[in-house]
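So the sequence lines, in the order shown, correspond to chains A and B. As numbered in numbering that gives the first Met the number 0, residues 0 to 397 make up the first sequence, in order. As numbered in numbering that gives the first Met the number 0, residues 0 to 397 make up the second sequence, in order.
These are calculated hints, taken from the structure and not from any lab test. Honestly, I wouldn't trust all of these hints.
When chains are identical, the list treats them as one kind, so a pair holds in a single copy or across two.
[Stated by the list, open to error] Only pairs whose alpha carbons sit at most 20 Å apart, straight line, appear in this in silico EDC-like list of lysine to aspartate or glutamate:
id	residue 1	residue 2
1	K370	D229
2	K396	E42
3	K294	E331
Number of protein chains: 2
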Amino acid sequence: MKVLVLGGDGFCGWPTSLHLSQLAHDVVIVDNLSRRAIDLELEVESLTPIRPLGERLRVWRELTGHEIGFVHLDLAVEYDRLESLLREERPDAIVHFGEQRAAPYSMRNNAAKRYTVDNNVRATHNVLVAVVASGLDAAIVHLGTMGVYGYGWSGSAPIPEGYLTVKVPTPDGDLEREILHPANPGSVYHMTKTLDQLLFAFYAANDQLRITDLHQGIVWGTQTAQTALDERLINRFDYDGDYGTVLNRFLMQAAIGHPLTVHGTGGQTRAFIHIRDTVRCVQIALENPPSRGDKVKVFNQVTETHRVRELAELISRLTGVEVALLPNPRREAVENELNVSRDQFTALGLNPTRLSEGLLEEARDIAARYKDRADTTKIIARSVWRSGMETSPDLVKG
Amino acid sequence: MKVLVLGGDGFCGWPTSLHLSQLAHDVVIVDNLSRRAIDLELEVESLTPIRPLGERLRVWRELTGHEIGFVHLDLAVEYDRLESLLREERPDAIVHFGEQRAAPYSMRNNAAKRYTVDNNVRATHNVLVAVVASGLDAAIVHLGTMGVYGYGWSGSAPIPEGYLTVKVPTPDGDLEREILHPANPGSVYHMTKTLDQLLFAFYAANDQLRITDLHQGIVWGTQTAQTALDERLINRFDYDGDYGTVLNRFLMQAAIGHPLTVHGTGGQTRAFIHIRDTVRCVQIALENPPSRGDKVKVFNQVTETHRVRELAELISRLTGVEVALLPNPRREAVENELNVSRDQFTALGLNPTRLSEGLLEEARDIAARYKDRADTTKIIARSVWRSGMETSPDLVKG
Numbered sequence: 000m001k002v003l004v005l006g007g008d009g010f011c012g013w014p015t016s017l018h019l020s021q022l023a024h025d026v027v028i029v030d031n032l033s034r035r036a037i038d039l040e041l042e043v044e045s046l047t048p049i050r051p052l053g054e055r056l057r058v059w060r061e062l063t064g065h066e067i068g069f070v071h072l073d074l075a076v077e078y079d080r081l082e083s084l085l086r087e088e089r090p091d092a093i094v095h096f097g098e099q100r101a102a103p104y105s106m107r108n109n110a111a112k113r114y115t116v117d118n119n120v121r122a123t124h125n126v127l128v129a130v131v132a133s134g135l136d137a138a139i140v141h142l143g144t145m146g147v148y149g150y151g152w153s154g155s156a157p158i159p160e161g162y163l164t165v166k167v168p169t170p171d172g173d174l175e176r177e178i179l180h181p182a183n184p185g186s187v188y189h190m191t192k193t194l195d196q197l198l199f200a201f202y203a204a205n206d207q208l209r210i211t212d213l214h215q216g217i218v219w220g221t222q223t224a225q226t227a228l229d230e231r232l233i234n235r236f237d238y239d240g241d242y243g244t245v246l247n248r249f250l251m252q253a254a255i256g257h258p259l260t261v262h263g264t265g266g267q268t269r270a271f272i273h274i275r276d277t278v279r280c281v282q283i284a285l286e287n288p289p290s291r292g293d294k295v296k297v298f299n300q301v302t303e304t305h306r307v308r309e310l311a312e313l314i315s316r317l318t319g320v321e322v323a324l325l326p327n328p329r330r331e332a333v334e335n336e337l338n339v340s341r342d343q344f345t346a347l348g349l350n351p352t353r354l355s356e357g358l359l360e361e362a363r364d365i366a367a368r369y370k371d372r373a374d375t376t377k378i379i380a381r382s383v384w385r386s387g388m389e390t391s392p393d394l395v396k397g
Numbered sequence: 000m001k002v003l004v005l006g007g008d009g010f011c012g013w014p015t016s017l018h019l020s021q022l023a024h025d026v027v028i029v030d031n032l033s034r035r036a037i038d039l040e041l042e043v044e045s046l047t048p049i050r051p052l053g054e055r056l057r058v059w060r061e062l063t064g065h066e067i068g069f070v071h072l073d074l075a076v077e078y079d080r081l082e083s084l085l086r087e088e089r090p091d092a093i094v095h096f097g098e099q100r101a102a103p104y105s106m107r108n109n110a111a112k113r114y115t116v117d118n119n120v121r122a123t124h125n126v127l128v129a130v131v132a133s134g135l136d137a138a139i140v141h142l143g144t145m146g147v148y149g150y151g152w153s154g155s156a157p158i159p160e161g162y163l164t165v166k167v168p169t170p171d172g173d174l175e176r177e178i179l180h181p182a183n184p185g186s187v188y189h190m191t192k193t194l195d196q197l198l199f200a201f202y203a204a205n206d207q208l209r210i211t212d213l214h215q216g217i218v219w220g221t222q223t224a225q226t227a228l229d230e231r232l233i234n235r236f237d238y239d240g241d242y243g244t245v246l247n248r249f250l251m252q253a254a255i256g257h258p259l260t261v262h263g264t265g266g267q268t269r270a271f272i273h274i275r276d277t278v279r280c281v282q283i284a285l286e287n288p289p290s291r292g293d294k295v296k297v298f299n300q301v302t303e304t305h306r307v308r309e310l311a312e313l314i315s316r317l318t319g320v321e322v323a324l325l326p327n328p329r330r331e332a333v334e335n336e337l338n339v340s341r342d343q344f345t346a347l348g349l350n351p352t353r354l355s356e357g358l359l360e361e362a363r364d365i366a367a368r369y370k371d372r373a374d375t376t377k378i379i380a381r382s383v384w385r386s387g388m389e390t391s392p393d394l395v396k397g
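Using the sequences and the hints, build the whole thing.
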């Protein structure tokens, strides 16, 4: 089938594009290269030496014979071009990664808060309007986040996949109702994904769009079978305080002998998924879309949960690098439990990459191999959730 | 106190500005005159002869000695000017009417859908970011809508004011949780107010902003004590298919002998409030703000509920004008009940204008008096919720 991958040059978008292309789907990447532009703004670079998109696509074609298209387009701003693109390409499916995706960046300053809301809401809404306008019946698969749920509302019951059945007390007794799980976002970025949910619910109901929302945990790992084919296809690896995800940051820190930066007590429990499973989950979601008239289909795209402190201790034991407890720049619970329902992907055959298998490979093939590219002045997280909150000085000399 | 009224030139904003000025508050209107620009786009005019804002403000000053400031500013686009304005004026309170407010207009075409989302979300978010950035402790009062609730989730129990207490079944028994009432918006416009709710919840929690959200019913009536002081202060009266509110449309239709345009069966039950009560509710909300650290305070700003068909029949009996049942351009329940909790404003002393008192005055002083200004080609609602839905031809010659 023909698939547009919106944001197909990014950390999840690029390996997803290659995975779908490998499966012989006709893939067209739509991207404005905003992620690379933010690297310029932050004066950081991926630890891995990512190549320009044109080169990536040329190498992929040379190695595999598969052609991936590319349209340079800003989803949030260039609505007319987006609608024309849909009318011309008539995709069977649209995978939507085209949003600013870092919580710390979204709290960095006023401009970043505003950019995150303006970009993400407009990008998603423009896609929905353009699909309606072009009369397409394309399946839309969107990357959401576990962060829409906060810590969940269900006590010892796992966080359900999108919808929660509750009892509403009334004078005539309790009424059972299925509701969208209440939103409890922890950053402006996460908030935009809760806004997306309401946009999706409306367009699924009013226009019968077929939408799947993937509430993903924190991604770790770098390579998939496809990105590992050639160094020029390598995926990005962010280690900086704004874009680096926690486990990858620990691996990179261990590789250069930098203390492992745990915020607060490290008692935060988080949900994780390897990038190899991200691309498989997107494939599974594309193969199992909702029908016209269905409500939005929600998957929890998560394979395991861990306490941040325990991950740091694990990597410390493996590498001998110490753990540093730093002031937490986020407003969040000091400690939390997290129990996540993930029955749907399991039922659909996902066989996940476990932390215990992937960790050493990642440390050896990525973190250690490219450690000389690291800029140690970019490691400490400095975006704070509220003005005046404390952050750590650099722990090693730049 | 100093109050900024965002959208202070509009249907609710203008009488609110005068009401607060009359109470000796120091009022500054912030508006980009977008409502007047949309009149130009739709080629319609208020039935009442509204004057330019500069003239309105001059007349008000001459009659009462009260000075109202005016800043021409686009909240959605001119963030830097907004932040500077807050730093200079340092308002004690901000009343936020600065959003596109018509459901039919929001469904009119792709451009109007996108404008409604882009304008409303960015306006609200910019206000929140600017308040945080300027370090103000201003009370924020926002005009929401009853439409965030849909028809409610509580069966025979009234729709609560913003929050719903539910029981979440868990293996350890039911957990009682207070949640934001689930969103069920019926148009892109209403959806933007559900997005606003999530923005407010986040900024109240993260930045301790003090926010009140007024979920208003359908406004009827035109004049308040202040706008009636001089014809040059008159409030707007919209009768067209996009911006006219149902009861005012019926009154205008009756005045010119046009059949009363009921969509579908008219079995829709709606919540109503007179414009005189809108301005008093905003005053009460300003006098009873939440404290720092409180959750968003939500009022249902409603004084009575009626079935649309019954309103049409009432006006038909009073005037002899017939009722016309037209195809419904909206996707909505054919018939619905609506039972709304409105205890807070009652407890705070609101003594509402009842339909039974205000109706004849409105018909005589506004609809009949200005009926010669009507353009009968603008009466039929033509914005449809989904492409291909049927609308009525004009019922009278233009």
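Hint check results:
Taking CA atoms no more than 20 Å apart as the test, K370 paired with D229 passes inside one copy only; the shortest distance there is 19 Å, against 76 Å between copies. In this homomeric assembly, K396 and E42 come within 20 Å of each other (Cα to Cα) only inside a single copy, at 17 Å, whereas the closest approach across copies is 66 Å. Taking the shortest alpha-carbon separations for K294 and E331, only the inter-copy value of 16 Å comes in at or below 20 Å, while the best intra-copy value is 31 Å.
In summary, this structure violates none of the numbered hints.
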